[in-house]
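Chemist: Spelled out, the chains give:
Protein chains: 2
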Amino acid sequence: MKLLIEKEILLESLTNVMRAISPRNIIPILNGVKFDLEKEGLYITASDSDITIKTFIEKKKIKNINKTGSIIIQSKYLLDIIRKMPNTDINIEVVDGLKIIINTENIIYNLNCLNTEDYPSIELEEIKNPIIISSKNLKKIINQTLFAVSTQESRPLLTGLNLKINNNILECTATDSYRLAKKTLILDKNYENYDLVIPGRNISELDKLLSIENNVEIHPFTNKILFKYNNYLFQSNLLSGTYPNTENLIPTNFEIISTTSLNDFYHAIDRVALLTQNKDKNTIKIETADTTILITSNASEIGKVEETVIINKNSSDNLSISFCSKYMLEALRAFDEKELLILLNTDSSPIVLKSITDESLIQLILPIKTY
Amino acid sequence: MKLLIEKEILLESLTNVMRAISPRNIIPILNGVKFDLEKEGLYITASDSDITIKTFIEKKKIKNINKTGSIIIQSKYLLDIIRKMPNTDINIEVVDGLKIIINTENIIYNLNCLNTEDYPSIELEEIKNPIIISSKNLKKIINQTLFAVSTQESRPLLTGLNLKINNNILECTATDSYRLAKKTLILDKNYENYDLVIPGRNISELDKLLSIENNVEIHPFTNKILFKYNNYLFQSNLLSGTYPNTENLIPTNFEIISTTSLNDFYHAIDRVALLTQNKDKNTIKIETADTTILITSNASEIGKVEETVIINKNSSDNLSISFCSKYMLEALRAFDEKELLILLNTDSSPIVLKSITDESLIQLILPIKTY
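Going down the list, the protein sequences come from chains A and B. 335 is the number of the first residue of the first sequence in my numbering; add one for each residue after it. 335 is the number of the first residue of the second sequence in my numbering; add one for each residue after it.
Bound conformation, chain A alone (with noise of 0.2 Å):
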């Protein structure tokens, strides 16, 4: 294998790629970067076995391809290296069979690889009629709903987000059973329908590919989905299991609903957090009067802090009701509006996030019990 390319082009693919790599892996070959060099180009892949991570770089981004092969680079210190090279054409080149010269004019780089066919063989496929989402949208209905993954490994399906598609309605869930982030898309055109849960950090993962906006294909089996994205094939395994049937979960009347700023909820909640940061549950509560609402915590060693928010509520009937700070604050940041909907019945009941002109977005934060 030997290849003379620009230190961008490789660079930029290669930090895509690595993010496949895990710091948790143990099996010794998947620390490698796998390249192969064929005539119409150079692919690179990587994977931790839960992830994998394949690009191609097309022969006219090359400025040279001397010879085709394989080879597997350890990773550790490779992106670093061609980081830190000159901004110049940087030669690749295989010797002694598990040798690789990487050198520019003044410097040379000789680096100890691993043997091609220890590495493990990773069938990306693709289905015949993929679904197909911008990544713009893609990326939202990520940052809309993935925070609500559990961080429990006791019940694995829930750090996973759920992918339903039906027909052409694409729904995302994720919950952790206090709370739970829901969003709806409707798709261009009716597709099969599918039922999938996505392991969270799997999804993070691809969140960070998706930064040019394009559209990408999903091709989704029973274990295993594949996204096609750019010159990217990102592939992550499923959990297994049938997620939980939160349509249930989210009451569909409501005794009291209100509307407020967006902001100023958010900042009052941020300030009256503040003091219960340190606490397990980040308690706090808010009592609803009749165009006002009054947000407190108590921390019993340093002090108590309150703020009222304007609303504009619907009923003139009244509740005080407790909750985790950190839940509330991270739903609220789902919102992109100026207005809000808070969606209250009673102090046991769950409390419900909306935006007041789009349907699409549901926040649910479950009511702590407190004495």
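Derived from the structure by calculation, the hints contain no laboratory data. A hint or two may mislead.
Quick partial rundown of chain B residues pointing at chain A, CB under 10 Å, derived from the structure [to be verified]:
#, residue
1, Lys410
2, Met419
3, Pro454
4, Arg605
5, Leu609
6, Glu635
Lysine to aspartate or glutamate pairs mimicking DMTMM-like chemistry, simulated, CA-CA at most 25 Å apart [stated by the list, open to error]:
#, chain 1, residue 1, chain 2, residue 2
7, A, Lys638, B, Asp430
8, B, Lys394, B, Glu372
9, B, Lys418, A, Glu671
10, A, Lys341, B, Asp430
According to the in silico footprint, chain A covers these stretches of chain B (three or more CB under 8 Å from chain A) [unchecked claim]:
#, stretch
11, 439-450
12, 640-647
Being a predicted model, the structure only gives us computed values, none of them experimental. Think of the CB as a built atom: it goes at the ideal place given N, C-alpha and C, for glycine as much as any other residue.
For this one, chain A is given, so just place chain B on it according to the hints.
Modeler: Positioned in the frame of chain A, the structure of chain B alone reads:
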């Protein structure tokens, strides 16, 4: 105590004063910030008993002084509370002796306070003829030397920065016994002679305080030193003992005098050091030739790297010498020139770095014997 003050004014003062509060502090009262409201303005003091910072906000910068008095506020949440306040005037008011109210129109914090009587009395003394130096020069001196202080407590004096004043010459030295940084500066006039050692950690906090260009007054005492800058008083304890005489460590004659591009040499060292970054000693080697210097490193499991940089040399002698790349990179960052002097004698004598035009900065690195 009761006053009304603009958020930004209070925030800036608090941010700076609270640099004195150490997270490792074990004396409860020193986790508090002392507010003293007098007729002429507000004094704010914080201390960890090693560093004390005091600032003064004059009357005309305060919206309203309703009632003078003193209080100690727990620092833990205070800075976040003020930072997250809306940009408006903040009312601060002591109630019931040991409680404080911090409020704006919509938000009210009610915090428990500490008793001013328990706060240690810290004398911030001044001398008649303080040494005067611009904050810009002081920052420069600090940044060119401080990195070389020792982080190991086995020789406590070496964890400090040595400041010597001899007539109109200020000399600043740091060494961890493996490398040494020395900077001299001509002062505006003759001063008394001093020879002090300031704890490195404290100097690094002082450096953060010096954000605006202005003169700094230095008031040295036997066991403490006071820096006066803008509205801030910064006092640090001194390390006791006699700093080792480093004068005779720095060679004055050199077998090989070479010049090279600082930028090229720095980046070459940085690249070659990559493969050694996880090792204890980060040992890399340079070998001079007639017009080039070859920089190499070798990490048996990973591979090896070499880079050549062009030099100008005064003699036909050549030398191969090994050293710690981290020390070399830190020393090189202290220079701000295009061309650099690399001064060598034998493979067991120190490497000395100097600017071509300016004798005031010397960086010295001891070689590592390799076999």
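Chemist: Hint by hint, note whether the structure agrees.
Modeler: The hints, checked one at a time:
1. Lys410: With a closest approach of 7 Å, the Lys410 (chain B) hint holds.
2. Met419: holds, 7 Å
3. Pro454: Status violated, d = 22 Å.
4. Arg605: With a minimum Cβ separation of about 5 Å from chain A (threshold 10 Å), the hint on Arg605 (chain B) holds.
5. Leu609: holds, 6 Å
6. Glu635: holds, 7 Å
7. A:Lys638 - B:Asp430: Given pair Lys638 (chain A), Asp430 (chain B) holds - Cα atoms ~15 Å apart, limit 25 Å.
8. B:Lys394 - B:Glu372: holds, 13 Å
9. B:Lys418 - A:Glu671: With a Cα-Cα distance of about 21 Å, the restraint between Lys418 (chain B) and Glu671 (chain A) holds, given a limit of 25 Å.
10. A:Lys341 - B:Asp430: Outside the cut-off at roughly 67 Å; violated.
11. 439-450: The restraint on the stretch 439-450 of chain B holds, since 7 of its residues have a Cβ under 8 Å from chain A and three suffice.
12. 640-647: holds (count 4)
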